[in-house]
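K.L.:
Spelled out, the chains give:
2 protein chains.
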Amino acid sequence: MTTLLQFDFAFDGPWGKDLEPACRELADDIAAQPGLIWKLWGENPVARRSSGVYLFETPEAAEAYIAKHTPRLAAFGVADPGLSRFTLNLPLSRATRAPL
Amino acid sequence: MTTLLQFDFAFDGPWGKDLEPACRELADDIAAQPGLIWKLWGENPVARRSSGVYLFETPEAAEAYIAKHTPRLAAFGVADPGLSRFTLNLPLSRATRAPL
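So the sequence lines, in the order shown, correspond to chains A and B.
Each residue of the first sequence is one higher than the one before, starting from 1 at the first, in this note's numbering.
Each residue of the second sequence is one higher than the one before, starting from 1 at the first, in this note's numbering.
Excised from the complex, chain A in its bound form (with noise of 0.2 Å):
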């Protein structure tokens, strides 16, 4: 059952083309995580926040992955990131062009 995880927490930079040097390897890392199906990372420098939003093959993988970001995330300096499970409606996102 496809799940859909969404991380939005406060966040103070680096952005844009510094965020990429920073968190390459991290990102090489969640690419290789068992039953990532992809991550978009948001960003919005005004607001200060930051946003991850994943989909998982399933709720285990979601689970696990959860279990090991979240102190990633505290090491980071992000203590209480909001985070928000979902499973999808896919018929509806299908009719909306979701990439499925």
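Rather than coming from a laboratory, the hints here were simulated on the basis of the structure.
Fair warning: there could be bad hints in the mix.
Identical copies go unnamed one by one, so any copy, or any two together, can satisfy a pair.
With a straight-line cut-off of 25 Å between C-alpha atoms, the simulated SDA-like cross-links for lysine to any residue are [as the list claims (entries may be wrong)]: (1) K17 x A64; (2) K17 x D29; (3) K68 x P91; (4) K17 x P34; (5) K68 x A31; (6) K17 x A67; (7) K17 x T87; (8) K17 x N44.
Starting from the known structure of chain A, arrange chain B on it as the hints suggest.
P.N.:
Relative to chain A, chain B alone:
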């Protein structure tokens, strides 16, 4: 500049197969929204929360959608939806196989 919107709000259902007919017409209207790339529909019947994750071609297209969609959510009884706006970090998103 590709814009990511995340809606996340309390919802009392319907869910799953019952949500689809209730929202099919809405989904068709959303699919025709100018500047929309795609929308994912997320649902969590246990936490009683719903999610919409959107990509728009521009921030202006996203703002036009918010202006249209917020009153529509209110008509469904969703008075104060959580809403976050982000731009995408494209190199990092590509590194994690994001569908762009």
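K.L.:
Which of the numbered hints are not met once you compare them with the structure shown?
P.N.:
Hints 1, 4 and 6 are the ones this structure does not satisfy, whereas the remaining hints hold.
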